[in-house]
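Asks: Chains as they are written, first to last, in my numbering: chain A, 1 to 313; chain B, 1 to 274; chain C, 1 to 527.
None of these hints come from the bench; they were simulated from the model.
Glycine residues also receive a C-beta, built at the ideal position from the N, C-alpha and C atoms.
Incorrect hints may have been included.
Claimed, not checked - Chain A is nowhere near these chain C residues, computed Cβ spacing over 12 Å in every case:
(1) M76
(2) G85
(3) Q99
Said to hold, decoys possible - Which residues of chain A face chain C? A partial, calculated answer using Cβ under 10 Å:
(4) G75
(5) D76
(6) T79
Unchecked claim - Simulated pairs of lysine to any residue, SDA-like, Cα-Cα distance not exceeding 25 Å:
(7) B:K174 with C:K298
(8) C:K404 with B:A12
(9) B:K174 with C:E56
(10) B:K174 with C:P252
(11) C:K368 with B:L158
(12) C:K368 with B:P237
(13) C:K404 with B:A22
(14) C:K298 with B:V264
(15) C:K188 with B:L183
(16) B:K174 with C:H112
(17) C:K298 with C:K368
(18) C:K188 with B:L156
(19) C:K404 with B:D162
(20) B:K174 with C:R363
(21) B:K174 with C:L458
(22) C:K71 with A:I30
(23) A:K178 with B:T160
(24) C:K368 with B:A179
(25) C:K368 with B:S131
(26) C:K71 with A:G58
(27) B:K174 with C:K188
(28) B:K174 with C:V191
(29) C:K404 with B:V264
(30) C:K404 with B:P237
(31) B:K174 with B:T160
(32) B:K174 with C:A452
(33) C:K404 with B:R176
(34) C:K368 with B:A187
(35) B:K174 with C:H162
(36) C:K71 with C:E35
(37) C:K26 with C:I66
(38) C:K368 with B:N188
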Amino acid sequence: MLRYLLNRLISLCLSLVAASLVIFLVIEVIPGDPAAFMLGLNATEANVAALREELGLGGTLPERYWAWVSGMLTGDFGTSYTYRVPVADLILDRLWVSLPLAGYALALSTAIAFPVGLIAASRRGTATDYGIMGGTQLGIAVPNFWFAMLLVLVFAVNLQWFSAGGFPGWADPMAAIKALTLPAIALALPQASILARVMRSALLDTLGQDYIRTARAKGLSRRQAVIRHALRNALIPVLTIIGLQFSFLLAGAIIIENVFFLPGLGRLIFQGITQRDLVVVESVTMLLVFAVILVTFLVDIAYAAADPRLRRK
Amino acid sequence: MIRLPVSLLLGAALSTGFLAAALLSFVWTPHDVENLVIANRLQPAGGEFPLGTDQFGRDLLSMLMVGARTSIAVALVAVGIGITLGVPLGLAAAATRGSLLDEIIMRGNDLIFAFPSLVIAILITAVFGPSALNAILAIGIFNIPVFARVARGGALSLWTLDYVLSARTAGKGKVRISAEHILPNIANLLIVQATIQFSLGILAEAALSYVGLGAQPPTPSWGRMLAEAQTMIYTHPMLAVLPGLAIVLMVLGLNLMGDGLRDVLDPRLRRQGT
Amino acid sequence: MIRIDALSLSIHGLPILRDVSLAIGKGQIFGLVGESGSGKSMTALALMQLLPHGAEVTGRAILDEIDLLTKSEADMCALRGNEIGMIFQEPMTALNPVQTIGDQVAETLLIHDAATRPEARRIARDRLDRVGLSHIGMDRFPHELSGGQRQRVCIAAAIALHPRLLIADEPTTALDVTTQAQILDLLKDLVAEEGMSLLLITHDLAVVSDMADHVAVMQNGEIVEQGPTAQVLGQQNHPYTRALFAASSHQPDRTRMAGRAPLLDVENVSRLYPGPRRGLTRGDPVRAVDGVSFQLHKGESLGLVGESGCGKSTLTRAILGLDPIQGGAIRLFGEPVTPSMRNDLRAGIQVVFQDPYGSFNPRWQVEKLVAEPFHLMAAPPPDRRDRVAEALQSVGLQPADMAKYPHEFSGGQRQRIAIARALITRPRILVLDEAVSALDVRVRAQILDLLADLQSRLHLSYLFISHDLTVIRAITDRVLVMQAGRIVEEGETETVFTAPAHSYTRTLLAAAPRLDIMGRATTNAAM
């Protein structure tokens, strides 16, 4: 088990290094001179030189890469060119919107998908099953940001149960959660549809296995066999999908923030792009990629907990 | 007599409907979508404008037709990138299972998986500026590991079969065996995956153009139509409803087709029939 | 004790069982034999009421005055595992991979509310000890156990509540011969000790003749003959019983024609696999084949026998030039065999594999399949189609079969196509890797006849690899016995079988259930 953990940890670190190299390459090497790029066509020589100085572009590429990475390791993400504040502060602020949103959506999607998938699998071939499968097919086809607009139309404009956008901050947690509810529902629906389908097919797969027949021969009822034997085995493929979904949820959150005018990472990064603030773009993408890699690592650990075949002594 | 599943027929009908509309838009649309006639702005549906007009006076039906073109083109090319690069990589990884090459290919795949399409699009846009090409590249790059994994997974189980061993005793090399024995027998898997990735591509293109990272004006695209309609949603909700509905129906059609194809092509199901 | 009356079964309207009647007495072992698809497993599943969807059953199955077929699902749940236990063919997949073996045995007790949790665990330990797993901890997971050990766990779970009837569906088919003997002995002891009845389902007449008091022979969903084992196998009143029996001990007509010239020379060959990964380093390499030497002569039929994992498949792949060797030398017709050997050298040695279903690309027609080895020739022969037709005819198929696809053939016919493909380049050596192991006995007998006939007509040399001693004895002149990567015994087949020199060979021979020519069961003493 320890060896497996160590193995995964090494793989995590290698992925992070590779990902940071890719981001560094795209942002700092491909544009040629990032300072000139950021200032645009009208910049004077002197301005560009000043920015080069400020961004620390003087050194060689390896020196600059090392400065960037070691900075991040100590919590220094550089200073935003447009906001004139440390990027770390900006990110920390925005993280308090994006992360709870993604987590909220993940919780919702899992809470919906598990029972729905279970019901569809245990009533395979019935009208309930067909109804659920049809509904999830539709749920997958709906773009989350459009669904978000419909939610605004119905629940904010017509029914006026929620506000159409904005975020009051965490001073009043109930108000904050309320403001995140419509966005989280919009994010969760397509993911819940996918997860429910995966859950159903994973359960049906395990229900066809020999050990289910053995369990039935021991006197377990169909329901007992599902609960005691099929569920835990079905969890293994479902875990993979949950891990993959996190990265979609994070990306989705960035888009959904635009519908609801939420001050999250998404808004930050789009402002960064329009204002050519490469420092912000570079750090935020690194953070997003870090989150995805970290979740993959956590899923690997969950795997080992769920499947003893991975835990070699 | 083969009985085709209802989902396949319905899905194929929806998909070909959109494809036909997109192709038709090359030669004819009810109105010119690049000609802004402010006098015609925000017309209700019916009469000269079957679905009404937007705030710039453009005909919504024509916009949707040309938008279908953008969506389909982006998704199709992105799937093409995924297949042409991903499948050979997956086949090579499977043929050299456990080797350094396999390891490199699979680690590379994992690395790409850490970059969701949106992040790739953000990176490309930050440096090269937004364009439809961005969307294609971002979605296409993300498709590569998807197809590589499907191809490798399918191929690995085939490499253990006796007919591959027989081919090796017949002196055939790995490349030849991959082409003659492996690829044709994972084609079903790849076709089903292609329809799934196609539909995901449509969704991703819509999302990217919605946030301004995809096709730029004046090229109409469903995602940007939604972005432009957002401010009008209180007064003219249909402007936001119609493009979204187009996306849903197109994606639904492709997914139903994928499901249907899976049923028809699944060799396990077919063997029972013979 | 249990009686089945006129049991008929159809699934989605397709008749599977017709009028099956049998009775099993207390403490009796009842053997149900038949070829695949004869309906023997379905009979057992009907008793358990674990039939697939769409199944319709008529008749009665009476266990102590109660008709099982009229019982509700809830009542059946109370009976299964309690009154009737069952074990299946594939021990590798029969256990839940994410649950400990102790929990899986204890579950039988807990599900029937027969014990508290600590009691159930204590009893589970006791049952595991009884089936010979006293050295295995309760907290082990199935993947840590061998196939034979897993089957013991299944047995422990099935007998945890002392059922009155145990159904064993091909319990040893997936196991090696020595493990099979041990499991069969265990079952026999348990029957005697517990006073339970055993319904033993198998395709193997020898197993039945060893084990059963009573036997029923099944064909196409019907019992064609039943009675006391000695009587049924001794008198063989029904023609099908006779046919099965004859096929099981079939000896093809062959004349010995081994020459002295060595065609294949294997000298001190070793195959190593990289050791298990230990972080960044690897453990010691595994020696799958360890210093093996032998020669195959012209016109000879040489057997290579051993249990699964002994290295015979690895050795075969090396001989075919598919994998590199790490020590020694293989010479074919005097030239070295390597993965990069010349195509015309490869054409001289061809192979037939075990699996009649995985042997062909399902998308190719027979003509293309059989012609594939022409790739080994510099230019395909001009009379390509005639050569394919000729090869098909020589294995008893029609030239018209060229246009068909593999799924249109039965398992035996597929094996004939595989032989035709192997013969198309007119090789001098044919490697037969478990080539008849997946076939029913009657088909197996036909293929063995075909092989004997081809050998004498085409002067072929055979390297016949199998775990099945009966087959090896029937078709080979000389035999090599392989254990743990080494050849432990080599000699004339008859000599090795009648007077084995090595203790491992003796173990193998003693473990193999035998049908004796007189038609009476020969009971092998347990080792």
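Asks: Now look at each hint and say whether the structure bears it out.
Replies: To see whether the hints hold, each was checked on the structure:
no. : hint               : in the structure
1   : M76                : 8 Å, violated
2   : G85                : 7 Å, violated
3   : Q99                : 7 Å, violated
4   : G75                : 31 Å, violated
5   : D76                : 33 Å, violated
6   : T79                : 40 Å, violated
7   : B:K174 with C:K298 : 32 Å, violated
8   : C:K404 with B:A12  : 32 Å, violated
9   : B:K174 with C:E56  : 50 Å, violated
10  : B:K174 with C:P252 : 39 Å, violated
11  : C:K368 with B:L158 : 19 Å, holds
12  : C:K368 with B:P237 : 62 Å, violated
13  : C:K404 with B:A22  : 43 Å, violated
14  : C:K298 with B:V264 : 51 Å, violated
15  : C:K188 with B:L183 : 51 Å, violated
16  : B:K174 with C:H112 : 55 Å, violated
17  : C:K298 with C:K368 : 30 Å, violated
18  : C:K188 with B:L156 : 42 Å, violated
19  : C:K404 with B:D162 : 20 Å, holds
20  : B:K174 with C:R363 : 19 Å, holds
21  : B:K174 with C:L458 : 32 Å, violated
22  : C:K71 with A:I30   : 75 Å, violated
23  : A:K178 with B:T160 : 55 Å, violated
24  : C:K368 with B:A179 : 15 Å, holds
25  : C:K368 with B:S131 : 50 Å, violated
26  : C:K71 with A:G58   : 86 Å, violated
27  : B:K174 with C:K188 : 51 Å, violated
28  : B:K174 with C:V191 : 54 Å, violated
29  : C:K404 with B:V264 : 21 Å, holds
30  : C:K404 with B:P237 : 61 Å, violated
31  : B:K174 with B:T160 : 13 Å, holds
32  : B:K174 with C:A452 : 34 Å, violated
33  : C:K404 with B:R176 : 24 Å, holds
34  : C:K368 with B:A187 : 20 Å, holds
35  : B:K174 with C:H162 : 55 Å, violated
36  : C:K71 with C:E35   : 30 Å, violated
37  : C:K26 with C:I66   : 16 Å, holds
38  : C:K368 with B:N188 : 21 Å, holds
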